[in-house]
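A.B. asks: Residue numbers (our numbering), protein chains in the order written: chain A, 154 to 490; chain B, 154 to 490; chain C, 154 to 490; chain D, 154 to 490.
If you're looking for bench data, these hints aren't it; they were derived computationally from the structure. Treat each hint with caution, since some may be false.
Note that the list lumps identical chains together, so a pair holds whenever it fits in one copy or between two copies.
As the list claims (entries may be wrong) - Pairs of lysine-lysine residues, derived as DSSO-like cross-links and limited to a Cα-Cα distance of at most 27 Å, are as follows:
#	residue 1	residue 2
1	223	164
2	216	414
3	301	348
4	160	329
5	457	355
6	160	223
There are 4 protein chains.
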Amino acid sequence: MIIILRKGSVKEDAQVILDKIENIGLKPLFLPGVERIVIGAIGDERLLETLGFDNFPQVEEVKPVLSPYKLVSRDFHAENTIVKIRDVSIGGHDIAVMAGPCAIEGEEQFLQAAKEVKKAGAKILRGGAFKPRTSPYSFQGLGILGLKIMNEVAKEVNMPTVTEVLEVADIDAVAKYADAFQVGARNMQNFRLLKELGQQKKPVLLKRGLSATLQDLLLAAEYIVAEGNQKVILCERGIRTFETATRNTLDLNAVPYLKMKSHLPVVVDPSHGTGIRSIVAPMAYAALACGADGLIIEVHPEPKNALSDGAQSQTPEQFQHMMERLKDFAQAAKRGF
Amino acid sequence: MIIILRKGSVKEDAQVILDKIENIGLKPLFLPGVERIVIGAIGDERLLETLGFDNFPQVEEVKPVLSPYKLVSRDFHAENTIVKIRDVSIGGHDIAVMAGPCAIEGEEQFLQAAKEVKKAGAKILRGGAFKPRTSPYSFQGLGILGLKIMNEVAKEVNMPTVTEVLEVADIDAVAKYADAFQVGARNMQNFRLLKELGQQKKPVLLKRGLSATLQDLLLAAEYIVAEGNQKVILCERGIRTFETATRNTLDLNAVPYLKMKSHLPVVVDPSHGTGIRSIVAPMAYAALACGADGLIIEVHPEPKNALSDGAQSQTPEQFQHMMERLKDFAQAAKRGF
Amino acid sequence: MIIILRKGSVKEDAQVILDKIENIGLKPLFLPGVERIVIGAIGDERLLETLGFDNFPQVEEVKPVLSPYKLVSRDFHAENTIVKIRDVSIGGHDIAVMAGPCAIEGEEQFLQAAKEVKKAGAKILRGGAFKPRTSPYSFQGLGILGLKIMNEVAKEVNMPTVTEVLEVADIDAVAKYADAFQVGARNMQNFRLLKELGQQKKPVLLKRGLSATLQDLLLAAEYIVAEGNQKVILCERGIRTFETATRNTLDLNAVPYLKMKSHLPVVVDPSHGTGIRSIVAPMAYAALACGADGLIIEVHPEPKNALSDGAQSQTPEQFQHMMERLKDFAQAAKRGF
Amino acid sequence: MIIILRKGSVKEDAQVILDKIENIGLKPLFLPGVERIVIGAIGDERLLETLGFDNFPQVEEVKPVLSPYKLVSRDFHAENTIVKIRDVSIGGHDIAVMAGPCAIEGEEQFLQAAKEVKKAGAKILRGGAFKPRTSPYSFQGLGILGLKIMNEVAKEVNMPTVTEVLEVADIDAVAKYADAFQVGARNMQNFRLLKELGQQKKPVLLKRGLSATLQDLLLAAEYIVAEGNQKVILCERGIRTFETATRNTLDLNAVPYLKMKSHLPVVVDPSHGTGIRSIVAPMAYAALACGADGLIIEVHPEPKNALSDGAQSQTPEQFQHMMERLKDFAQAAKRGF
């Protein structure tokens with residue numbers, strides 16, 4: 154950790170800080186510059202953080218040297234982590250595609266969607282039972298009934314499932330009926346939820362928040378892993394920027410960056426990342442090209458009747474076509490599909 | 154609602170939509186333009202939303218005419234709503250200042266802070282018992298113990314209190330020990346929490362999310378009011394932008410804009426909105442000048458020993474000075490203080 | 154154009170606007186709704202814009218139906234435009250790669266870079282003679298001398314060239330020594346420069362501004378095309394967002410979106426779009442996968458001695474490797490390379 | 154400057170850098186940490202920047218200790234700089250209000266506007282002759298004719314003037330007819346223009362770019378001051394964020410931050426900063442409250458007939474009312490008006 158003192162600070166101002174660093178058992182460094190005094194501290198920065206040097210009046214800026222996350226870091230664990238949702242691996246050689254409708258609207262709709270996505274080659278079934286919606290007047294999901302439908306349909310088509318969990322109180326129900334938890338963008342910093350999921354055995358698909366930096370995302374994953382659940386899949390799903398032509402700005406830079414900094418698998422959601430049906434497919438190809446381990450795609454048997462997110466849902470025909478072309482891109486990326 | 158069809162759409166494409174509008178009991182309008190067919194629908198747009206026209210393949214864009222929120226709108230309720238936290242009114246003639254430390258760290262610290270802010274003229278006591286923190290390695294608050302300390306200190310200094318509630322499961326405890334609920338920026342779209350708070354009797358201070366538009370904020374408030382709790386106070390606390398010199402970008406435009414669109418009171422949090430101790434005071438003055446009904450300010454007896462957010466906390470001396478100058482700005486704004 | 158009047162507006166408020174629309178020769182529509190009066194105008198919206206309806210006190214909002222750009226729109230010109238820089242086509246079947254150092258630092262450096270990029274398969278040589286730099290204390294480019302070096306090296310390696318033009322006064326010099334003009338991100342809305350380039354014969358590579366929406370970019374292109382120069386290549390190079398882990402946020406959504414809305418070719422600059430050497434290649438692959446017509450890549454013979462942007466420059470070895478892999482992605486995208 | 158090496162770097166990797174620092178005449182520091190080697194360099198960082206350490210493969214990150222600007226810094230010049238536009242001081246005790254229409258549309262309109270703003274108490278007359286417009290189909294200003302009108306009207310009402318300069322080629326004309334140059338947001342990083350203005354004698358009102366950080370703005374000012382013209386006035390006019398309810402997000406944090414870091418005067422443009430007529434006044438009050446040295450306000454005799462930016466222009470009556478209330482806020486801020 155590097156601590157820069159304000160202009161005009163004197164030796165005594167520095168000494169207070171040097172002493173605190175030494176008292177905590179680390180090695181302090183006194184670096185008097187021409188215009189500013191700089192102090193260094195060698196050792197575990199996470200320990201230093203508790204000293205709150207940025208609160209000191211004589212401190213202008215504190216610059217950490219190490220990343221604030223640890224367990225999710227590639228420094229800490231060099232090999233790729235492979236997370237399994239039932240028998241489907243994510244983060245290994247093969248690309249995994251998760252697909253299904255935004256919301257589970259009923260048994261017929263969900264079964265039809267499930268059959269279509271399975272036929273096209275999707276390996277994991279997705280669908281929302283609990284739907285976080287910006288407006289209180291929008292469809293809010295079928296809740297537990299939706300979970301039960303998901304469970305039955307999944308058995309019928311023999312696919313593992315992933316669905317969103319909104320709250321600690323729902324964890325048990327989701328764990329009972331689905332194979333993996335999804336944490337939505339709006340809940341990425343619902344730390345209580347993250348901690349509870351850290352004590353679960355099933356995998357967690359963690360979506361990046363609309364205004365979360367990649368460091369924030371990795372720290373959210375750290376919350377889960379620190380509690381003992383190492384089965385975390387990171388998901389880039391678009392961030393909020395000034396651009397309004399697309400629903401969100403899909404930040405594909407995140408994919409190679411996260412793969413460089415972390416050992417966790419990374420998947421991409423081009424449906425929410427674009428919000429425009431006709432550009433979901435090219436962005437799915439791009440996601441594979443830059444190193445994504447998987448995709449999560451909204452497919453609805455009849456998008457124009459969808460109760461949620463129809464404008465970004467693929468028709469079964471579009472999805473089938475996309476899957477065929479994805480094979481070529483997976484091959485170019487030297488990945489299995 | 155205005156619906157613009159894609160280029161090349163024909164009468165039949167329009168007819169499907171016109172029929173749907175008529176079937177739902179509203180008045181459809183067919184407006185064939187030179188380059189595009191436009192369709193209008195006259196009536197309650199919230200009803201139209203359920204038809205999901207943006208999912209139709211022939212639709213290029215759907216443009217709502219009305220705002221998607223209703224109960225919180227000034228169109229619906231022209232007079233200012235005054236929310237009372239115990240005996241302190243917010244949204245009326247007088248400015249209300251809420252102050253206290255970011256986190257309740259112990260009885261001594263909190264009592265000292267409470268006495269200092271009361272002496273300086275603050276009317277409501279704030280302090281966090283449950284702390285949402287970006288890193289799992291940071292101080293997470295004292296929890297229930299913190300609530301109890303808050304409760305006892307509040308009695309001793311005779312001030313109403315506000316504190317953050319993180320989760321549905323904590324609502325009862327917060328309701329028991331505090332006088333108002335605070336919903337933090339990261340929970341602004343925790344819709345389950347909003348709905349439950351809508352069924353409570355105590356007021357809710359609703360902070361704007363880091364990437365929430367003002368429309369998102371008003372829709373979040375609508376969630377609470379729609380459940381029956383009309384005691385909602387909106388809070389601007391800074392948004393996330395590309396600017397990193399300050400912790401957040403305090404969007405004071407929000408104050409007159411929200412006052413124009415909504416009847417709810419609006420307060421400002423310049424501590425989180427700036428993140429820099431020395432510019433909290435000027436931004437507090439600015440908040441009053443542009444029409445804020447109140448302020449929420451972090452004050453710590455010894456900022457350099459604060460366990461959370463010390464860099465943006467005022468010392469008691471700074472706070473006292475700020476309060477004195479705020480009187481002049483309240484007067485210029487023709488408000489009581 | 155749809156014009157929404159404020160609540161409380163009456164027939165007379167509407168009549169003023171209806172008359173103005175009629176006077177200009179277009180067809181007005183009066184649509185009295187339940188909560189708001191809406192007015193429609195059928196005809197060329199660009200004409201309507203001159204009436205400034207958003208300035209009228211009774212007007213709440215003006216919603217255009219058509220895009221404000223015309224000549225660059227795919228509505229106006231359905232087929233892809235192919236722009237040729239000397240004999241290299243951009244926007245057709247084949248992918249075009251432009252490569253070279255950020256700045257021309259001297260003859261030796263630039264010749265070496267040119268030979269390396271040509272050997273690896275780049276078709277167009279890039280390099281900056283005039284360098285816009287955030288700090289006045291950074292290297293500002295060799296100016297005219299740089300242009301002359303570019304010209305000579307280009308002859309020696311027989312490659313067409315592209316280089317940035319910063320100002321109207323430099324247009325002639327750039328036109329004399331290079332084969333295409335580059336308009337940098339900071340100049341995307343230097344409208345005087347755009348107009349002058351519209352009167353030139355050589356192609357223009359137009360980079361998206363750091364905070365430019367895609368509509369802003371298309372309007373900037375419209376400035377050039379409206380003056381007569383149809384040889385415009387759009388370039389996505391990253392936008393400024395809250396994310397600081399990467400230098401910019403490369404908005405690849407822009408690629409399929411621009412291809413959908415416009416007939417102009419679209420290229421991607423993953424060097425500026427990421428700012429991190431090791432993630433340039435994966436983002437180049439992604440750009441091809443989502444439909445880019447070309448790439449512009451910074452390659453420096455010795456990045457660690459680069460006078461500008463070394464941290465994002467590829468070594469010749471890295472570039473050669475990237476080019477080999479790009480072939481596979483071009484093939485997956487069914488494009489020639 | 155602090156240089157952090159990548160994990161796995163060894164003593165030799167550090168030595169190369171230590172030697173370079175020593176060779177340039179500065180003092181290198183070798184700080185081997187537990188997880189990373191850190192190198193420090195004591196001395197003028199602007200010198201170190203030329204060494205391009207961030208280009209070295211062994212370097213993970215370079216963290217500057219000092220700000221990259223110098224001449225505009227308060228460290229360098231502790232007292233407030235007062236800039237005079239003719240006889241009106243900006244940056245001293247008194248608040249200066251600049252007002253007038255967005256565009257000069259003709260002699261009659263401009264004279265009427267000038268008389269109105271003078272009557273209400275504005276000290277400086279503003280108006281645009283050269284208008285940068287997003288669309289090529291919008292009104293582009295009267296050019297030289299506009300400058301001449303400005304000049305004559307200014308004589309008649311005896312007010313100093315400020316107007317935008319778009320290009321180096323126009324500097325002489327603007328210098329001839331106006332009393333101060335305005336650099337618009339889109340030109341804030343038109344470095345050639347900044348350098349030329351640095352050689353002029355008249356003051357420069359430098360507007361912050363739509364996506365410019367405060368550091369970028371200070372570096373743009375440094376360009377001007379480094380060439381010899383110290384008469385620079387900084388102007389906050391709103392930045393581009395995800396919020397679309399207002400035209401821009403007026404970042405008033407910028408005011409106390411810039412006053413803390415720099416000795417230059419700071420003014421605020423609430424007209425562009427909001428884009429909504431009815432919230433310009435409250436934001437003007439807020440600007441004074443947080444420490445602005447002046448305001449620049451759009452006033453049009455008949456906003457609904459304005460050729461540019463009518464929706465954000467004040468009527469003369471609104472402006473007069475605003476000026477009366479501004480007096481109270483100036484007094485609260487202990488400033489003259």
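A.B. asks: Against each hint, give a clear statement of whether it holds in the structure.
C.D. replies: Tested hints:
Within a single copy, residue 223 and residue 164 get their C-alpha atoms only as close as 34 Å, which misses the 27 Å cut-off; across copies the closest is 24 Å, which meets it. In this homomeric assembly, residue 216 and residue 414 come within 27 Å of each other (Cα to Cα) both inside a single copy, at 19 Å, and across copies, at 19 Å. Taking the shortest Cα distances, residue 301 and residue 348 sit within 27 Å of each other both inside one copy (25 Å) and across copies (24 Å). For a Cα distance limit of 27 Å, the shortest separation of residue 160 from residue 329 qualifies neither inside one copy, at 60 Å, nor across copies, at 43 Å.
Taking the shortest alpha-carbon separations for residue 457 and residue 355, neither the intra-copy value of 34 Å nor the inter-copy value of 42 Å comes in at or below 27 Å. For the identical chains of this complex, residue 160 and residue 223 are inter-copy neighbours only, at 14 Å across copies versus 33 Å inside a copy, given an alpha-carbon limit of 27 Å.
In the structure shown, a violation is registered for the earlier hints numbered 4, 5, in ascending order.
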